[in-house]
Amino acid sequence: MVLRTENIVKQYASHLALDNVSIEVPQSSIYGLLGPNGAGKTTLIRIINQITAPDSGTIYFDGRKLQENDVYSIGYLPEERGLYKKMKVGEQAMYFARLKGLSKHDAEKNLREWFQKFEIQAWWNKKVEELSKGMAQKVQFIITILHKPKLLIFDEPFSGFDPINVNLLKTEILNLKKQGITIIFSTHNMASVEEICDYITLINKSKNVLSGQIDEIRHNYGDNVFEIDYRGETDRLKENIGDNYQILDSSEQKFFHRIKIKSTVKETENTLLSRIIKDNEIVNFNEMIPSMNDIFIKLVEDGK
Amino acid sequence: MKKILLVIKREFIVRVKKRSFIIMTILTPILFACLALVPALISQIKSEKEKTITVLDETGFTGNELKDTRTIKFVYETKPIDSLKNNLLRNNNYAVLHIEKNDESSAENITMYSEQAVGVDVLSAIKIQMTVISAQIKLKEYDISVEQIAKILNPNLNIKNIRIDEHGNEKESNTSALIGLAMVCGILIFFIIFMFGIQIMRGVIEEKSSRIIEIVISSIKPVHLMFGKIIGVALVVLTQILIWIILFVIIIFIAQSQFSDIVSQIQNYIQAVSFTKMFICFLLYLILGYLLYASLFAIVGSAVDNESDTQQLQSIASVPLMIGYFIMIIISSQPDNPLAFWGSMIPFTSPIVMLARIPFGVSWFEIILSMMILTATFILFTWIAARIYRVGILMYGKKASIKELIKWFKYKN
Chain A
1 MVLRTENIVK QYASHLALDN VSIEVPQSSI YGLLGPNGAG KTTLIRIINQ ITAPDSGTIY
61 FDGRKLQEND VYSIGYLPEE RGLYKKMKVG EQAMYFARLK GLSKHDAEKN LREWFQKFEI
121 QAWWNKKVEE LSKGMAQKVQ FIITILHKPK LLIFDEPFSG FDPINVNLLK TEILNLKKQG
181 ITIIFSTHNM ASVEEICDYI TLINKSKNVL SGQIDEIRHN YGDNVFEIDY RGETDRLKEN
241 IGDNYQILDS SEQKFFHRIK IKSTVKETEN TLLSRIIKDN EIVNFNEMIP SMNDIFIKLV
301 EDGK
Chain B
1 MKKILLVIKR EFIVRVKKRS FIIMTILTPI LFACLALVPA LISQIKSEKE KTITVLDETG
61 FTGNELKDTR TIKFVYETKP IDSLKNNLLR NNNYAVLHIE KNDESSAENI TMYSEQAVGV
121 DVLSAIKIQM TVISAQIKLK EYDISVEQIA KILNPNLNIK NIRIDEHGNE KESNTSALIG
181 LAMVCGILIF FIIFMFGIQI MRGVIEEKSS RIIEIVISSI KPVHLMFGKI IGVALVVLTQ
241 ILIWIILFVI IIFIAQSQFS DIVSQIQNYI QAVSFTKMFI CFLLYLILGY LLYASLFAIV
301 GSAVDNESDT QQLQSIASVP LMIGYFIMII ISSQPDNPLA FWGSMIPFTS PIVMLARIPF
361 GVSWFEIILS MMILTATFIL FTWIAARIYR VGILMYGKKA SIKELIKWFK YKN
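Protein chains in written order, with my numbering: chain A, 1 to 304; chain B, 1 to 413.
For the record, the hints were derived by calculation from the structure and aren't laboratory data.
No experiment lies behind these values; they were computed from the predicted model shown.
The reader is advised that the hints may include incorrect statements.
Stated by the list, open to error - Heads up, simulated DSS-like pairs for lysine-lysine below, C-alpha to C-alpha not over 27 Å straight-line:
id, chain 1, residue 1, chain 2, residue 2
1, A, K148, B, K3
2, A, K86, B, K17
3, A, K85, B, K9
4, B, K18, A, K104
5, A, K117, A, K150
6, A, K109, B, K2
7, A, K150, B, K18
8, B, K17, A, K88
9, A, K178, A, K109
Chain B with its partners taken away, still in its complex shape (with noise of 0.2 Å):
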């Protein structure tokens, strides 16, 4: 048990010593910060250059009046269309949109002729604006003003949603902040468990390659070895999250004379979501999910010499991984989806998945079944993982597959 603890020590200190440590406990909430800007940021950006697209309207439907958008220059001309055609290149025009005149009097024979692919946006503005103009004709056949229209189509309704509890109790619930703190909270959980497994996978190969493991293990189980490290990693984990929960308590606290009304907000998200149910869960799932994800990521690191060669089994540690978090994607719009239900028992998605349907509401027989699931699990595979260990650290020179690492866990002590 000393030696154990000599162990955790070491894990812990060395890691939290670490520079990528601390850049990542400081980095991590300002990049989720960045991550809930990044898609209106990327709404703005979308087109870069100016295009010019050249128009030949020998119907007169369009009235000159295609207006110019950000990124698109409509420019009329009335030469035949094969000269334009030709001139395209030459002018480093985007495209020519040819509308021929028909023998009704609505165009409908409309085409582009363009170098490139016509962008989905740029179709979009165009087939937009026509639709408006179609429409405004059609409109003042009917004497009905644009104006009158637009109140008809868009009333500006507006849905409450209101959760009854047991007890009877009504709330408000806003389900957008719901699936939202969800979404974070399984990405988090998602992120947590891969890196830290990773980094289980990382020491152990570290020790084996470099040939410090039979020193070690000449004076400790490599099965103690394996869970001190396992257990020291954790510290490391919890210590991170301490870290991020007192920048955030930090972080509020400053906010809250500065943008109260934000600050509110928040406060009634978190009211609105469980809040404390959530980071029970949210605790226990990480725990009990790294657990099982440090064994399996222990194995992959026992069973190879150097990190180049462990792509293909960490797939295999990864993907359930994987599938948890599409998983947890599709639920969060979709939360009667069947695989809520299943994804939540499963032991490998259930730490991601759960956590996706927690804010939908779940009773808690489910939870704790999920988790006395996972728990069996991970219990079951750290036992596997101390017996493919303690022979996989001391073998060298070939990467092993599947069949030897059951061929291990065979072996007698």
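Looking at chain A on its own, in the form it has when it is part of the complex (with noise of 0.2 Å):
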């Protein structure tokens, strides 16, 4: 684990902002932070990155407690995110290198090579007021992981970035989980989640509904629905898979009919398979697995 919250709690006023919350963060993962707006994400990452305290629990960082230091060893894209405007790029990255610990020549070093990857290198000299606001962010995911963090924490990258820039940020997030590299990933955008994350914590109102690795979840709320596409008489179907099979949806389409079912009983995917294949011919089986977006949905509606 290279990161482990355990029993957060945070007060704000009225306000409980983080309930008892727990999560822990594989080593080399990408952890999806999911929730509703205002529902402690931002609180926990936060309290992660040190800006604020939490009232109790404990944070354990690389197999103990975090300290002081260790924000040299975390790279933090805030969601709302700016630079200051009248500085020059160049000088505005090698000031936020300096202030997460790098040497001047590191700085500038990595800061190079990036640029170079990047293909910016134009941008060393201008001022930030000057570039667009996907050309800011690119320098603002250049800062954030330029001191070669082990824990990167990205709240909400993508938001204002165009699809060809999405695509270039995501391969880098890959490229930095191969090599090592354990990244927090806050986000409402559960497509994205189910292509990039690992695992997930759902958090719904201050407190953590749902944690674990994404396709067993995945499963596990799968309610065993099987489209099935077939050809043959659609009786026979109905008559060999029995009683134990609630049939929610049939359709024809041009070359097979189709067929939804939801199964009542623990029977295997096989068994269904086999009852099905006595007197039709199939042309698609399908288990209907929920989306995360679906998942999400469901337990932030049951939450209300």
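Now that you have both chains on their own, put them together as the hints suggest.
Structure representation (structure tokens):
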């Protein structure tokens, strides 16, 4: 575990922002931190970054309690982010790099490398106010990862990026993961969660309501619904699967029939297949696994 | 510590490189020179247009002797007053001066008819002339010439003010020079504190509103960031003053060859006002006063999202400074006013007020006491500011009230 939080509680005046939140972030994983607006994600991230302190609870980083110097090993890209408008890009990047503990020499060397990689060397002497939003975000991304942190925290990293830059960023994030860096990823964009996250935690109303490996979660939330495309007589199929399956939907496609059924008993997919195969020809067989989006909405709605 | 240095360096370099800093540094001395000239200039401008005043003197008292001035032209008429009044607007005249015939020979029944209210300058110009005429008539009766009277009334006396210090040394003091220098120092402190206080506030707002703050404080503690900012700007202030001193010395040096008498006059002034005392106090009060107000302005900056919301809170920080400025003006003419003592002890006004008192002679004891109060207050306020700041910079959306600031202050770490 790179990062572990234990029973974090944070109270703001009359509002409980975090209620006993514990998460465990394994090494070299991409960890999605999900939740509706105002659920407490940003507060948790701020606590990990030591911007605010929890009222109670402990944070372990790299196997020991989180220390002040650990800010040098963490990179943070906040959701609301900006740069000094009047400062030059290079100068500014140097400033942030040195605040993260890099020497002047290392800061400049790393920066030049990254500017080259992103093909933005020409921006070094430009003022930030001359950059577009997307350009500025590239600079912010570089600033975040420049000091080679062990843990990276991205809060809504893709907001404001065009699709090309989103791709570039995704590639870089996956690259960083390959290098053994752990990434916490807070977002509303469920498609990108399914695409790149290994683990997730869903925070709703200040509580951790769901944690785990993403495939496992999706599978667990599957309610045994199957979609089957087949040829042959529908009556025969219905007869063969028996009363253990509830028929949700049945439709005629151009070259085959389609049926959507829900199992009411524990029965393996193979048994189901063998039942159908008796009198029908299977074209397509699909278990309907819910998307993260469905799970997210379901849990948040249930929580109301 | 290393990080504070980085912040200080950034705050300093960004500001010193700004065009406005360079312009301010050069323009301020020029501005002050102009300020000294403006009163003289204003008194020369006064009225713009020549005004024609029709005079109907039924008594013959003025004997056609009202003389035209630079702005007033007198035209004597003998027509009846009603027709003159009617013609007033048509002839575009400024006023009709009517001296009515009386039972007695003196001309006491004087009326002016005009469209707009007659200006004080015109009234007093007429009054003076008529007084002189009246006096001349009377003097003729007693057979005294005007020159004799002038000598009696204006004997050309000159009062020297010699100050005696504790060692019994006598020093000629030029009170107007003392007041002048004190005022300049006070105004300088006022403007510098105000200007750079606002800069601190703007810096905080910039970081907050452009959301840089969250990136910065994931690497440095908010309190350290605030200290770095305050110290960085303080260095800018000191740099600016250093440049001004150098400029001043250069100007004096150049001027010495050209206008030796003016320079020696300045040197006399400087000797008359214990200059070293003044200079040391100026620097110390400037720095301490700046530090106190810087933390106040930092609080204001952290409490709002954008500059248009600062008005109300900013006045809390700037009103005491204004009060100090006004007290300074009052005591420049009344150095014994009790305001002088209290103003120079209360830390929010003391940096300005004490400066204005120094030329009139203040004991070191009072100065040191006042500085100690100021130092204690600035430490207290920096501590308060740090506690409010760390919460305020992360609060978005609403304008904070004083109540809210107190709540932030009480938050645990």
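**Message:** Name the hints, by number, that the structure is in violation of.
**Reply:** 7
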